[in-house]
Structure formats: C-alpha cells, structure tokens
Amino acid sequence: MTPPATRRTWVVAATSALALALGGLAVVTTTPAQAATVGAGSYTTDRVGPLPTGCGDMTTNPRQFATADAPPGPIPTNDWWSSLLWKRTNCSYSEPLHAHPVSYQPSGDGLGLSATSTPTISGTPTGVGEYKYTYSEDIRVGVAALAAPVVKVDGWTDWTVTPYWNDGARTMRATIGHGLPFAYFRTSGGDALINATGGSATVWSNNGATIGFTVRGHDYVAYAPTGATWSVNGGRITSNLAGRGYFSVALLPSTPSTDATSRAELATTYGRYAHAHVTGTRVSYAYDQATSTVTTTYAVTTTAREGTANRTVVSLYPHQWRSLTGSTPLTLTYPSARGRMKVLAGVDQFRTSMKFHGVLPEVPAVATGTGADLTTLRNQLAAVRGNPMDQRGGDTYWTGKGLGRAARIVEIADQVGDAETRTAALNAIRGTLNDWLTATPGETEGVFHYDRNWGTLIGYPASYGSDQELNDHHFHYGYYIAAAATLAKFDPTWARQDQYGGMIDLLIRDANNYDRTDNRFPYLRDFDIYAGHDWAAGHGSFNAGNNQESSSEGMNFANALIQWGQATGNTAVRDAGIFIHTTQAAAIHEYWFDVTNENYPSAFGHSTVGMVWGDGGAYATWFSADPEMIQGINMLPVTGGHLYLGQHPASNRANYQELVRNNGGEPTVWQDILWQFLALGDPDAALAKLRANPGYTPEEGESRAHTFHWVRNLAALGLVQTGITANHPLASVFQRNGARTYVASNITAAPLTVTFSDGTRLAVPAGKTATSGAYTWSGGTATGGVTGTPPPTTAPPTTAPPTTAPPTTPPPTTPPPSSDLPTRYLLPGGGLGAAGGPATSTVAGAGGANRDGTPTNPQVFTATGLDLTYAGGQTTFDLFLDAGNAVGNGVQMRVSYDLTGNGSWDRVETYRYFATDPVPGYERYTQQSGLHSATGTLGNLSNGTVKVEVWSAIGNNPSTLGIGDRSLVQLPHS
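Here the sequence shown is numbered in this note's numbering, starting from 1 and rising by one per residue.
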C-alpha cells in the first residue's frame, strides 16, 4: 500500500488502566498519565492522533464485521483478504480477494469466482507499465434467493478466511484460501446455486452428486453430498444437497488435453478430497544453525463432511515448489499472477527447505581500512559527524530513515577506528530512541500509542497511512529495531528488558508478532505466510488486492530482527527474523526480480517490477515514474542484511542495464543506491561509476561514507557466494578472481570459531569481525561500551530538525512570498491574480490511466495582458493539494508563457507529478519536484499571457486544490 515513499522528499520523488505481561516483566499503566511503563520506556494508552478508519464505527470497533464465532483477539490486518474484514471502500462486501489460483468477490447473493488465465498488459516495455490477472467473474456460488445486506467474517487461519452471509432466512459460509483450488460451502435455507455470470456454462459431466462444467474456458467441478443431484436450467446450476447443507467447488488445473475424458479423470481425482473441507491452516518453522537451513511446514486441517478422507489438494507458488522437500508435485499446474502454481494432491502438509545465507552488521573494511581509501573514508565520516542522522522529517518513517543512516555510520566508523564519529552517531541513535520509546503526559509527538481495540502500536507523528490505515509498520519500525541492534552492541545495558529492550520488543510484535500466545497483536501481521512476503496496506482495499513496493524495506525489518536477536540473545526473535528473511528473499527473487525469467508474462517487457499487487505486478511506484525510483525502491536501504540482493549477480547486471535503457542514460537520482546494488553484480563497474561522479546527491537515507565503503570493499571482496553457508547467522562468503574471503562477526564477550559448509574454520575474537585474510575489526562487545565515557542513557535527542520536508498540514493560508517577483494566486473562475478569499477547486482523477506529461481535464488558470521584464531564473510555485483518503494519486502542473499574446506558446514547462498521501490535510507541491520537460525560452512579457494547468497524472480519485489565498505561482519577472 502507500509505501513509506508516497511523499518522500525525493518527490521534492489508535482505556482504562491496563496490565500486560512482557516476558516476565509486568507492564502497568498509571491512570492520570495513561502511560504504560515498559522497563525504562513507556507508551501511552491515551489517544494521541488519528486511528484506523473505515465503514461504520471501525475506529472503535474493528470487529464489527466479524461474527461471534470469529477467533478472539486483535483482528489480522495487512493480508490478502483484509478488505473483507476491514471494510473501508466497500462497506457491504469487499474488494476482490486474490487467493490464487482463484480470485473471489463476495456480493449479496453469493461468492464470485474468477480464474483469469490471460493477463492484461498496459504501458510500455521502457516506461511505466503493469500486468494484471484482473478479477473477471466466471461463476457466482450462493443459495437460491440469498440477499445478504453485508458479508461478515466467520473465521480465519494462517492463510484461509471464511466469509459469512445471512439474510435472515438463508445463510452461507465459504472457506477460501491461498493455494486452495477448492472453495468449501455450508448453507441453509435454500438450494445451492451456481450462476454462470461470466457467460454460458458448458456442462461436460453430470453424474449424480458431481457436475463438471466450463465457463470462459475454465473448468469447474461442483461436488454435492452423496445422494444429491444437480439440475441445470440455462446458466443456473442448482442442488438441494440432499438436505445436508454442504458442498465444494473446485477449479481444475490446465491440461494439455481438453477432452471430456481428461476432465472426468481430474474430476475423479479431486473428488476423492472434495468433502474433506479445509478448516484450518498453520505454519511452523525451524532454523537449524549447524546447517544454516530453514525448514517450513505448511499444515492443513480438514473436517470430513462425509467419508473418511483427511487430506486435500493444494497448489504451490514458485518460491515453494522450487524448495519443496519430501514431496513431488504433480505435473498439473495453474496460471497465476506469480507464475505457475504446481499441484500436490492427497496431502495434509508439505515442507520446504531453504538455505539461510547469512547477514552481516556491515561489509568489512578490507579495502577502506588503509591508505588513501582510508583517508577518503575518514574525511567523509568527519563530514557527517555533526549530523549523523540528517533527518528529513519528524514522523515515524523519516525518523526511521535517519536512524538507519546513523547506524550505518556507527558500523563503518567503528571498523576504521573513528571513535569520535562513532560516539556522535551512537548518541544520536540513543537520544532519538529514548525520546520515542518514552511517553510523557500530554505528549503527541515522538510517542507510541497502544490501541487495544486494534491491537496495534502506532507512532505519532504517523506517516503514509501508518495510523489510519496501519500501513507500513514493518517499513517504519524496521529502522528503529535495526538502529537499536547497533546500539545494543556498544551499550548492552540500554538493550536490557528492564531498560529499553522491552519497548523494542513491542515494535517487533506489532509489525510481525512472532509469539502465537501473545494476544496483544495479531500473529505475523505484515507477513503473508503462504505468499512468502509482506503486504504494505493495512486494509488492502483495492480492486487489484493488496500491494507492496519496497520489498527491501521489508527485508530491513527481517534483518533487524536477526541483528537484535543476536545482540540480545533472544533466539526466538532471531529465528523469526531468519524465517522471514530466508522465505522472503526467495519470494523477492521470484516476484520482484523474476530471476528465472519464468513468472512475468512474456509481453510485459520488464525484468523487474516496482510493485507487486494481488493480481499482478507494476513497473511503477506510488510516488514516481522515474526508472531510478521504480527500480531503486526495491534496493534501499543498503545494509549488511541485504546481501541477498547479490545472490543472482547476472540479474543485478540486467536490472541495471534495463534502468539505463528506460532512463535514456545513466541514473541522475539515487545513483548511490543503484551503484551499491550494481556492486553486488559488477563491483568494478560500480566503483568506476562512483569515482567518475563525485558530485552526486546522496539519497535521503544514505551518506557518502557508507556508499564509498560499500562499493569500494565489494570491489575488493567480489561477489556473494551462495554455495557456502556457515553455522553462525552473522557470516558470509565472497569470491573474486577465484579467491574466497570468509567473513564472520562476533558480538559476544567470548571468542567464537565459525565453521563454513566447505570445512573452512574462522576464529573470531570476542567483539570483533574477522575475515579469512587475517583482518579483524571491532564490532561491539557484550561486556563494554564505546571507547571513552559512554553518554548517559537519558541523553536528550541530538537529531537535527527537518531541513527539506514541508509539514504534512500547512497553515490555512500561505505566508506572503518573500521575494519581489510577481506573485499570482490561482483564483476561482480560472484567473491568476492577487490573493482572494479561501476557496477550493477539484482536480478530476485520471481514471486509472497514466496521464504523465499529458494534461487531461485540467484545471486552468490564466493571466493576460502582462507587461513584465524577464529577471532571469525560473518559475516557482506552491500548490496546496489534498487527496483525502485516496491512495495512488499524483497531480501534475504545467505553466505556459505566450510572451507577446499572439496565441503561440514560447515557453512550456511541465513539472514532474507530485504523489499525494492518503492522509487528509494539505500537502505542498513545488518546483522542487523537478522538470518533466521544457520547451522554448523565457523572455520579457509584452501584452503576454501566462497559463497554469493542473491535472491528475495518475490515480482514480479526485484531489482538492486549495486556491484563492493558497496556491500561487511566482513569475521570474520584474
């Protein structure tokens, strides 16, 4: 969903006293302040700011669309089926639910099924584009005369959900889930009804309780209880179910042959399991440190409605069947938005086995530890010493970005013995975390609030829908946890549960609760267990399903758990991180990068996507159409936990080549992120590009010191080797020109010997990082602090104030412009002139099309008869925009100059569109967004005309433009 990037500066790119238990620590609130203490930290139970919103009274009653039989505890969010329970845009039913291999759409009279097998592709192979297996209904399954005013949720398990219909006379429950070709139904009050809503149904078998039929080329079989029959009347298929009230409907897999005999054989095979209704799904995982192996068991519970069958049919995603162990998938497959799904029949569980390839706190200074490179790095570290966080905003995301930057600086400075910079960065991290992890009475900023109704911990100021939509908690909080892990290495006391460790644990549990027994938060909120990756949107209320763009920020969270768990000795957290990290790395390679060239439609034309949606993928982002950002959003932040990005170096090289092709040349923004990614595939080329472009502008969460350290050292180390693992989680192997370098980090107080899978043994002293080249560096220690006198744990924050990010909600009127340049306000009626009274104008939505650079239904504002002298410089503007709760909108502006009023435009400037966030309140779109294109030249205005056009470049929904006394243009004239 709205990633933590919808309005990043590169657009410039929710009680009473509560007693809880945290491990063995009592968590107690004090009534007057409503602050719950957690060791030395605390959070507030008072409402601080906006809470999740939706239909009816969702803010205070998120269970209003759950039945009394639904599981107790906090509702799950950020799932493929979330829009069914968290109704936000469809207050009666839900948006399409993309489960794969079937998509579903609840409506008042039943459950629609879609098996779209041919993708719709839009855009171009060199520009913004997407592929979608859009919901297109084949059949609708229900009960005759069913007319439920609302569909509720009767239950859920790890990857299934059970919608519930009730119109007072008839009821229906349907269980659907990831990987399930069956949908299971229980009904009352009428005959089972299957309507062929997608066209005529061709019945190819009708044998008592079983009927097979085809709609739009998709084969379905409905299985009624023994003794029942099916009747066909036009497009309606009905059965009284022999009065037993249950049945199932299966989508059959694609087969080379479409004859009736083949279909009948499949119908018989599936029929063996048709009445073993799936009633539960559950994942379990185990990390074997000795072999660095993650084994995951996907278990299915069934209830026999008749007979004794206790197994079922499942279909596996590519990241699952490529790692399947102990089972052989059938040759049968289903098409899906993730590529081919392979079928397993007659199972109650299956297992995958994946190698965990290790993470590092940072790449070692094999090249930047001596000589001229060390001098360069020391100078770059000194340059950031005074402001290690370089924080660009005070919300949870931008605070997190600053913390992440400072953590990288700590790790690098520590390696090269720069104690002064290391201490400055540690101070910034400690002070910032202490502030955020402590709640004081009346505090509304820099504070976390626990909302018991929703079972969530929300930080304020929130950003990008992290409060009202529960978006992106793994993105935001991953930075906090990762920085805390770095601090824990140098100040272990700070990280104790009776100090600030308890609050860090709450951040972990909120985003991805690793403890099923903890009923304060849903289990693995953001991580889709079966799909193998995170979802960003809390409600997932989109026609295309849920979505996520920045897979790498999701991996930042997983890595943070590994680093924190290792630093604090919490193996439960560490192993949860390893499970998520290993599984999601496999999913990212499949679905974001398609490293096998098998999962994307051949006509899509791209080798990567910026966003994965429930029904497909998009070479796009929420916030920019620039190739650098579309591709770079799945590369940042760059840390020692992101070495997975180097597991397929040829893919890195191809990814970068596509960027250059689509960009029409080398990157001009986010060069540092892209070079660091390239360094994992071609480090020599990345180093050459870095050295040739010393004046590049660092990405907002990066520093020159870290980029140089990363690229220069990878050029010495070579490529990540995936064929060798270690019996220690903080370890990796690199190879250059046939020579291997083994690396391991030991953050404990005792010496450690790490054994690699090829037999190599590496001795690592206490508190050190070592390589096989006999290099050792400091790396924190569990027994001491930083060199010199550690700062007190109550040190105030040292973060710099925001420097470039405007406030989310600006003042109601624009301050008078500070220059003498002519200022023209956008006025009601379409004029450009002196400021008037407050007003608004509606910018129509783009209708889902891409209007980037092409004015479509624009709001137009014009000034004529201008006599002004060109003063040099450029046009500046300040537009006030509000998309309300709408997501995915981007508004664009063009200004045109007719210098002599003769009807021809002498200068036309089109600016890059501004992606608005889904939080009500004005945002400011300025010329800092940069030019999209410009033609002609500026000059003196003699009876001239200036025209401003404002339209939606992307997005389905309208946006509000504040005019009269708000939005303005300053002409570069006198």
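None of these hints come from the bench; they were simulated from the model.
What you are looking at is a predicted structure, and each value in this text was computed from that prediction instead of being measured.
Please note: incorrect hints may appear among the correct ones.
List of simulated lysine to aspartate or glutamate pairs, EDC-like, C-alpha gap at most 20 Å [stated by the list, open to error]:
{"#": "1", "residue 1": "Lys355", "residue 2": "Asp758"}
{"#": "2", "residue 1": "Lys355", "residue 2": "Asp373"}
{"#": "3", "residue 1": "Lys689", "residue 2": "Asp758"}
{"#": "4", "residue 1": "Lys355", "residue 2": "Glu420"}
{"#": "5", "residue 1": "Lys689", "residue 2": "Asp965"}
{"#": "6", "residue 1": "Lys947", "residue 2": "Asp965"}
{"#": "7", "residue 1": "Lys947", "residue 2": "Asp878"}
{"#": "8", "residue 1": "Lys768", "residue 2": "Asp288"}
{"#": "9", "residue 1": "Lys689", "residue 2": "Glu598"}
{"#": "10", "residue 1": "Lys947", "residue 2": "Glu909"}
{"#": "11", "residue 1": "Lys355", "residue 2": "Glu306"}
{"#": "12", "residue 1": "Lys689", "residue 2": "Glu658"}
For each hint, the structure was consulted:
Only pairs whose Cα atoms come within 20 Å are accepted, and lysine 355 paired with aspartate 758 is accepted, the gap being roughly 14 Å. Between lysine 355 and aspartate 373 the CA atoms are separated by roughly 35 Å; this puts the pair beyond 20 Å, and the hint is violated. For the hint linking lysine 689 to aspartate 758, the alpha-carbon distance of about 35 Å lies beyond 20 Å, and the restraint is violated. Between the alpha carbons of lysine 355 and glutamate 420 the distance comes to roughly 39 Å, so the proposed pair goes past 20 Å and is violated.
Straight-line distance between C-alpha atoms of lysine 689 and aspartate 965 comes to about 47 Å, which puts the hinted pair past the 20 Å bound. Among the hinted pairs, lysine 947 with aspartate 965 is consistent with the structure: their alpha-carbon atoms are about 18 Å apart, no more than 20 Å. Between lysine 947 and aspartate 878 the CA atoms are separated by roughly 15 Å; this keeps the pair inside 20 Å, and the hint holds. Restraint check for lysine 768 and aspartate 288: the C-alpha separation of about 24 Å exceeds 20 Å, so the hint is violated.
The straight-line distance between the Cα atoms of lysine 689 and glutamate 598 is roughly 31 Å, outside the 20 Å bound, and the hint therefore fails. Distance restraint check for lysine 947 and glutamate 909: the Cα-Cα separation of roughly 11 Å lies within the 20 Å cut-off, and the hinted pair is therefore satisfied. The straight-line distance between the Cα atoms of lysine 355 and glutamate 306 is roughly 41 Å, outside the 20 Å bound, and the hint therefore fails. Restraint check for lysine 689 and glutamate 658: satisfied, since their Cα atoms lie roughly 16 Å apart, inside the 20 Å limit.
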